[in-house]
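Enquirer: Single-letter residue listing:
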Amino acid sequence: MKAIKHTGFVLFLVALTIFTGSLFTGSFQLSKSELDAFLKEKNYKSTVIRGALEDAVITDKKLTIFKFSARVRKAYEKSNSYYDALITKYNAAKNWDKKGEQYQYKIYGKPHTLSYTLAKKAGRGFVKENASLIWFLTFGFGMIGALLFMLPNLILLGKPGIKNNHIYHNSATNRGFVAWLVLIYLVAFYLLLYFKPDYVVNWTYILDPISNFLNGGDASQWFVYGFLYCTIMVTMGVRMYIKYRHNKYQIIRTTSVLFFQIVFAFLIPEIMTSLNMPGYDFKNAFPLDYDFFFEWNLDTLTSSGKIGLFILIWGIVLTLIIVPVMVYFFGKRWYCSWVCGCGGLAETLGDPYRQHSNKSVNAWKLERWLIHSVLVFSLVMTVVTLYCYFSGTTSFIGINSQWIKDTYSFLIGAWFAGVIGTGFYPIFGNRVWCRFGCPLAAYLGLVQRFKSRFRITTNGGQCISCGNCSTYCEQGIDVRAYAQKGENIVRSSCVGCGICSAVCPRGVLKLENGPEEGRINPTEILLGNDVDLMNFVNKK
Amino acid sequence: MEHIVIIGNGISGVTTARHIRKNSNKKITIISGETKYFFSRTALMYIYMGHMKFEHTKPYENWFWEKNNITLKKGVINSVNTANKLLAFTNGETVSYDKLIIATGSKPNKFGWPGQDLEGVMGMYHKQDLEKLEKYAPNNKTCKRAVIVGGGLIGIELAEMLRSRNIPVTFLVREDSFWNGVLPAQESAMINKHIKEHHIDLRLSNNLKAIKADENGHVKSVIIEETGEEIFCDVVGLTAGVTPNIDFLKNSDIETKKGVLVNRFLETNIKDIYAIGDCAEQQKAIGQRRNIEAVWYTGRMMGETLAQTICGNKTAYNPGNWFNSAKFLDIEYQTYGWVFSEKNKKENELYFQWKHPKEYKCITISFDKDTHQFLGINTFGIRMRHEIFDKWLTEKRAIEHVLEYLADANFDPEFYKLYEPQIVAKFNKENNKKIQPKKKSWKRIFSKT
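Protein chains in written order, with the working numbering: chain A, -14 to 525; chain B, 538 to 986.
Just so you know, these hints were derived from the structure itself, not from any lab.
None of the hints are false.
Partial pick of chain B residues on the chain A-facing surface, computed with a CB cut under 7 Å:
id	residue
1	S577
2	M586
3	M589
4	Y834
5	G857
6	H923
Some chain B residues flagged as far from chain A (calculated, every beta-carbon gap over 10 Å):
id	residue
7	T566
8	E603
9	K611
10	S878
11	P894
Straight-line C-alpha distance at most 25 Å; calculated SDA-like pairs for lysine to any residue:
id	chain 1	residue 1	chain 2	residue 2
12	B	K559	A	N506
13	B	K898	B	H938
14	A	K(-13)	B	K681
15	A	K(-13)	B	N703
16	B	K730	A	L139
17	B	K864	A	N150
18	A	K106	A	A116
19	B	K664	A	I147
20	B	K669	A	H151
21	A	K148	B	G587
22	B	K730	A	L142
23	B	K672	A	H151
Yeah, the Cβ is synthetic: ideal placement off N, Cα and C, and Gly gets one too.
Bound-form chain B, shown alone:
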């Protein structure tokens, strides 16, 4: 029986295993050094905040794996011998494979800052990071201040976590407004304001110069590059992005750049070895997507796709329209299609924007200035229906169509106030149009074409 070995038990590896099992009776082994059982990394923050316990983050009960005949092996792989199809663990054990799937995910970026490996310096990615945080920042007595370096999605989550225990937080953000390489200015400014409301000391345009140690080799303070200011702290969170977790492949003949290089079939340069998820790097960009996408659902999709290939139905990875979501403290964010920030948007892209006068609700719709084709939407504080936007993007609808039928796309809970009339009125006024917003129609929502 063919033996499929998957390194990494995150969403990518586990999805592959599940789908291979659905379609075949191949022998499957999942190896992980982090935890025995699959858990949802995105929920680690909720454990620290006391919303959940670790067991709640496991999407499958423990018996699931044995029942589905998927072997779980805890251990860290040291090297891959591609000639003999052999994996070596750090403890000297070996395991052989017929097909190997690399799904080892990411690790936090470290840019060679002085002091980046001191006690009390950590990322927020692995379960072990959570354990470290529990050790170094259990409360605001042990941790009198924490400094977070890097203003992205993990950074703001870490800030929220620490604030839940009333730990003072200084948040160093390289950009002059939070995440404005991705978000349009209107939205980025709104998040800046919201961050400050949560009593987080937000320092825009501030870079880390160095981390200083006390006499025990523990973090004592950080030095700011721009001002030279020294901020005393007990914990430093490094959240300046992630990078593929593939150091163990260094001496193998698997071709890598930042990540493991793969083609559209997720195959590496070596036969029978594949890479998926955060650690995979596409040789050529797919659409406007980055070559490495460290996103939950792309990992899942690669897993779904690769399982087909492994089970004899060779399938190319073909992600559809871009979408994503996040939550910035109390503000929910969803995006469908491409909305680039002012910094990155192309010349043909125009915004239509609406913002609630008081509450944290706003949208930005990006559209082509000539054809009026709808390119994408960012929505804050308003939930939208994925299926509908996916359909409109595929059908290359005009922004006027999107606005006219916006009610179909609303996904807020029942009885929520709806803002389509205000949104459409603003567009009509700015563009001298007379769009009449249509009422929500189940028929349209369920029509597949």
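If we strip away everything but chain A, and leave its shape as in the complex, we get:
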């Protein structure tokens, strides 16, 4: 059994090494005709860009993606600085007409994104030409390796039940060396994905065949992310099935998040794209789906016929009606730990790190400030965007629409949700984004706290204050603080993962949807003590 585990681990590392190493392979150059086709498609007005790009990408040299990227970015910069120089010149000469003319020649867009588009066409080499083989060596080996590593736990962990032995003795799960390595890898992954997509263009080749099969087009970096996301969730979902096989709530919940990720977040949008519809994730509710009301999305939807209109209405109904009504009946768990993609990754890949959430009162204070600020931020951004969309202006109440969208996308969308939210799993726990940042979670939380049937019931006086519940709460709730007082837990941040109930050695906690009355039950004296305190209270 141990040997199988070790083999699996080695296989996984091999897959990871090939996957990472593939980034450094291949050569990138374009032929004259390919570049012509690209320029024709782009229809740049700049007269300089053609020459600059020709110098940069039509070459006999075998360029790596990094050199290729540098050359392309330089070419675009050359074109833009040429016109910038003209602007400065005409500005000095106070020739306003000429100055104004120059702006149309400038090429906008993020340098690495421009470079990505070209790189996607320019790549040659083993990875691209043997995509299926590489797929098997990376995704295939990775999954098989991970499964070989995890499946023996069925026997090694012994009888079904809570098996948290050595979590705090293991470097990977106790913020040790391994955890930091994982953190560095994840953070690097997200930084490349969001900010240097051209560097990971080799990964897109691996998935081109699958992407073509699903939506008829080549894979983008987002397709890679989506596919990887599903693969990781499925593999780590198997781990959940093994670990919590005695607990039916966990089994069903895991199945649910896997279903919604694979079908709703991945397959349906891909199939919609292949049918020339706007690809849409029907479960992704605003304001988590923060660009739902952005101009480009509204334009896409309104120009996509009936399906576009349906999506528009669905998106609004989802946020305004379905979400709060479901939270009223079931708590925010129906979304956060049963449906949501971010939650899905947290509950599968993130499960080994759930104990790292900070339980201090200070962290709770920070949480309330941060998450509600992000909610306000997202709402202000949306109001500004919508106002500008309908009024045709560029700013509202002194806020520039493009600026606030860019700022939100960069700070919240990329850094908070991605780099910190997932990258920091091994150190800060698996729900950093969900607890401190997600505006939808903030909204759901407000409903859960003030108008819901959901609570975690504390079972009378049975709590022995051991602290397993608090330790394993991924949302940093000090569950014990309530349980040892005999109080039910009603907290806006609770995502209803059910692990507190699972790890409790005394059967004290149960997630329930019941009558609102008596849901919050502060107690002076716990059950079991027949002191009639009300007499005392009334006397006072």
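Model the placement of chain B on the given structure of chain A, informed by the hints.
Expert: Frame of chain A, contents of chain B only:
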């Protein structure tokens, strides 16, 4: 300002301090020789097993005590001078009090076995025991075998701890089946089986005769009383129950027997001195409870009660219906009311028992054979709702009522398979009844009367 001094920072002492603070601004000092900050003793096992770190066992953050103006003092009390209301520490320091609360808990029993104080012999009670275990049994290289003496709740926990590090364990149990002085035979037998599945060498009806030392004064082996067998080992865990930790009162005029004797107001024979928790011994039994109850929640309840008295609302300790819980390796156990083992049950007590054909789930309900009054339930592998059983016990419901509404009492996580139909069917068959199990009703669960 009145100065309340509490010796012991376990659940009893800390609960008292918290409730005194809620109701007054008296000066409060908690003294402990074990740790500065309150931690949950019940969680020590999880530290060794790697489920938690020590900091997780502390129910309150460190700033809590200063914020609530509760002084924590680390030190061991040597003697109590009741005439001058003065406490002396082992290091010569003294502290005076206006009211003294003794909440020093328990210590592991030692029955005068030869070798019981050797290196490598330990209980599993204090934080220091955990440190010792980490020293003598960090892995199965340093500790090639451990012998545990005493088949109770701490014994099985210690066995689970050692097995988490793959240390071979021999478990000496005096009784002919695990904990069968408390558990009915059906349940005790199930636990026996489960213990063996965890690769623990369970020796029933085996007593310790002596512990032998090697040349360095470290444990080498134990000798079994019945067979004379010598079992080589590196660690011996003494878990044959606990006894009040009150040696420091020996020369005081506070009246003690096994524990500190108290009346229902938790007062000792000396004015302004109280005792609570594991170290307190009731002068007269309360209901069917023992005079000394070394249970987490009774300590807490005594603390809640005494705080009222100290704050001027003189209140008698009045524990309600008995309940308790434990976990035997993977099997959760809860009990409400009184279920005595076959050895101890009275003549009017009958069992109704149900056991899952394959899984480790079973219940025993004890009821009066004449009136059919429900007396108590043991449940294994099925969680039950405390409030509901407390209500049924107080209302003196019949077993038929309990079975009919059993679904109201189920506390298992959602989607778990429910066994009420099978349980009730078995009862109907055995007793020729026609009880129809009712569906769970929130209305009934929340009704207070």
